Structure formats: structure tokens, C-alpha cells
Amino acid sequence: MKILKTEKSDLRIILGVRVDSTSTSRVLTQIQKKLLQGRKFYITTPNPEIVLKASKDRKLRDIIGRSFLAIPDGVGLQIALKFLSMSKFSNRIVRKVVYPLQLLLSVILGRKNVVKGRELMLNLFGLTNQKKLKVYLLGATKDVNAKAIDKFRNEYPGAKIKGSGGPELNSNAKPLGKLQEKLNREVVEEINRFAPSMLFVAFGCPKQEKWIAKWLPRLNVKMAMTVGGALDYYAGVAKIPPKWMVRVGLEWLWRLIRPSYYQPRKRFSRVVNSVIVFPWKIFVYKLQNPKT
Numbered sequence: 001m002k003i004l005k006t007e008k009s010d011l012r013i014i015l016g017v018r019v020d021s022t023s024t025s026r027v028l029t030q031i032q033k034k035l036l037q038g039r040k041f042y043i044t045t046p047n048p049e050i051v052l053k054a055s056k057d058r059k060l061r062d063i064i065g066r067s068f069l070a071i072p073d074g075v076g077l078q079i080a081l082k083f084l085s086m087s088k089f090s091n092r093i094v095r096k097v098v099y100p101l102q103l104l105l106s107v108i109l110g111r112k113n114v115v116k117g118r119e120l121m122l123n124l125f126g127l128t129n130q131k132k133l134k135v136y137l138l139g140a141t142k143d144v145n146a147k148a149i150d151k152f153r154n155e156y157p158g159a160k161i162k163g164s165g166g167p168e169l170n171s172n173a174k175p176l177g178k179l180q181e182k183l184n185r186e187v188v189e190e191i192n193r194f195a196p197s198m199l200f201v202a203f204g205c206p207k208q209e210k211w212i213a214k215w216l217p218r219l220n221v222k223m224a225m226t227v228g229g230a231l232d233y234y235a236g237v238a239k240i241p242p243k244w245m246v247r248v249g250l251e252w253l254w255r256l257i258r259p260s261y262y263q264p265r266k267r268f269s270r271v272v273n274s275v276i277v278f279p280w281k282i283f284v285y286k287l288q289n290p291k292t
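Position 57 of the sequence shown, counting from 1, maps to 57 under UniProt numbering, and the rest follow consecutively.
It is worth saying that the hints were derived from the structure and are not from the lab. Take these hints with a grain of salt, some might be off.
[Stated by the list, open to error] Below, simulated DSS-like cross-link-like pairs (lysine-lysine); rule was C-alpha separation at most 25 angstroms, straight line:
no.: 1; residue 1: K151; residue 2: K239
no.: 2; residue 1: K162; residue 2: K174
no.: 3; residue 1: K56; residue 2: K286
no.: 4; residue 1: K134; residue 2: K147
no.: 5; residue 1: K53; residue 2: K174
no.: 6; residue 1: K160; residue 2: K33
no.: 7; residue 1: K162; residue 2: K40
no.: 8; residue 1: K214; residue 2: K142
All values reported here derive from a predicted model rather than from experimental measurement.
Work the whole structure out from these sequences, hints included.
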């Protein structure tokens with residue numbers, strides 16, 4: 001089967017990285033149509049941290065650029081899209097005065113129609129439950145993967161679900177040693193025997209994106225999608241933030257103050273990148289590029 005590489009509608013570029021500005025309902029419609037066409041495709045779910053990584057990693061950037069859809073995961077990229085779409089000015093003094101106000105307005109308006117990767121995953125599980133499709137969950141730890149499978153089987157009894165924690169990979173998605181190479185081969189063989197309609201990969205960025213790019217052509221699946229830490233939420237390892245915090249764009253604060261399975265230093269670094277470094281880079285980019 002041919003791999004459908006990209007979807008041009010609603011395409012935007014942030015710091016050189018492709019994302020798609022669209023609604024959840026339209027995303028679901030597009031995915032259902034492509035599943036019926038019988039052509040392999042993959043979906044990526046970039047967030048601010050992933051965009052920062054991809055801006056420095058050409059291979060990751062190209063993989064995201066070739067995805068059928070690159071869905072902005074959460075409020076950060078939606079705010080950036082809104083800010084970059086607002087009026088631009090050639091006068092530098094005007095830019096310095098107006099752009100901070102635009103950024104503030106973007107924080108207010110950019111929270112509308114936010115697509116979250118984990119919520120899109122649930123919507124797709126609803127489709128698999130209705131159509132009685134097969135799903136394979138790849139990634140997270142063995143224990144987390146098993147707990148997520150049990151929960152999904154209980155909540156979506158119509159879907160046929162299998163999964164594996166998969167191999168340990170380096171940042172280029174290469175297995176760490178011969179034992180992990182063997183496990184990787186076994187996982188690929190199991191996926192091909194199972195022949196799922198949907199494959200959700202939770203290795204974390206950039207491992208999940210690079211693994212999909214390498215192995216999708218050899219897999220008997222219709223669709224693959226990166227889901228980051230979504231399985232940790234469903235398994236109960238990571239607590240989902242209150243709806244009001246998500247609604248007002250404070251999920252980053254929840255991640256910072258909650259006990260986490262991440263190392264404290266790593267967790268703090270991720271929050272800083274998402275809440276401080278990324279917005280600053282977006283602001284400077286627009287300030288220095290008045291005509292783009």
C-alpha cells in the first residue's frame with residue numbers, strides 16, 4: 001500500500017515546523033475518509049516542546065512535515081497560531097508596542113477549539129468500538145501498557161486491543177543492544193499478524209516519530225499516531241488535570257506542582273521550555289520577521 005504523506009489544507013509553519021490548524025470534528029472526518037481509502041498514513045501531535053526539538057532536529061522536522069496531519073496538541077501551539085496570524089507591522093516601534101498586546105489577546109482567543117492528543121485518541125477509540133476495529137498500543141512501560149489495555153478493553157468492548165511496551169530505544173529510535181533488537185523484531189511481527197487498523201505509539205519524542213517513519217512501510221496497519229504520555233494518563237500513573245485548568249490554559253502549572261513519574265529536574269525543564277522558551281521564541285520570530 002502507498003503511504004499518504006501529507007495533508008495540505010490548513011497547514012501552518014511555526015519555527016520551521018509544520019502544524020495543521022483545524023477542529024476536532026474535521027480531524028475525525030479526515031481520518032475516517034483516509035481509513036476507507038486503504039492507504040497507510042501517520043499522524044503526529046506536536047506540542048511546544050516538540051516544536052522546539054524539531055526546530056533543531058532536521059530529521060524530526062521532516063517526519064512531522066510528511067505526516068498526514070500534524071495536530072497541535074494543546075493550548076500552546078493554538079496560542080502561537082493565533083498570534084502569528086494577527087496583523088503584522090513594518091514599523092519596529094509599532095511592533096514593540098502592539099505585539100505584546102496581540103500576544104495577550106492570543107492567550108485569550110487561542111484557547112478555543114483546542115485539540116488534545118489524548119482526547120483525539122479517545123475519539124478514535126470510540127470509532128474503533130463502533131466499527132469493531134483492531135487497535136495496537138505500543139510504548140510506555142510494560143506495566144503501564146498492560147493497565148492501559150485493560151482500561152480500554154473495559155470501556156470499549158467492541159474494539160479488539162493488543163499491545164506491548166516495546167523495545168528500549170535511543171533518540172534515533174534504534175534499539176539499545178541485541179536483546180532490544182530482538183524485542184523490536186518480535187513486536188513488528190506481532191503487529192503484522194494482528195493487522196490493526198490503528199497503531200498508537202507512546203515512546204515519547206523524538207523516538208516515537210522516528211520509529212514510525214522507519215517501520216510504518218513494513219507494518220500491516222492502516223494508521224499510526226504518536227500519543228506521547230497518553231497511556232500514562234489512562235493507566236493512572238499520571239493524573240489528568242482538572243477541566244478548569246485545561247480550559248484556562250494552566251495544564252503546565254498542574255504538571256509542575258503534581259507529584260510526577262518524571263524526574264523533578266526533567267519536569268521543570270519541560271515546563272520552562274513550554275511556558276517561557278517557546279513563547280519568547282515565537283514573539284522574537286514575529287518581531288524580527290514583519291513580512292512573514
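We went through each hint and held it up to the structure:
no.	hint	verdict
1	K151 x K239	holds (15 angstroms)
2	K162 x K174	holds (23 angstroms)
3	K56 x K286	holds (19 angstroms)
4	K134 x K147	holds (18 angstroms)
5	K53 x K174	holds (18 angstroms)
6	K160 x K33	holds (21 angstroms)
7	K162 x K40	holds (20 angstroms)
8	K214 x K142	holds (22 angstroms)
Checked against the numbered hints above, the structure breaks none of them.
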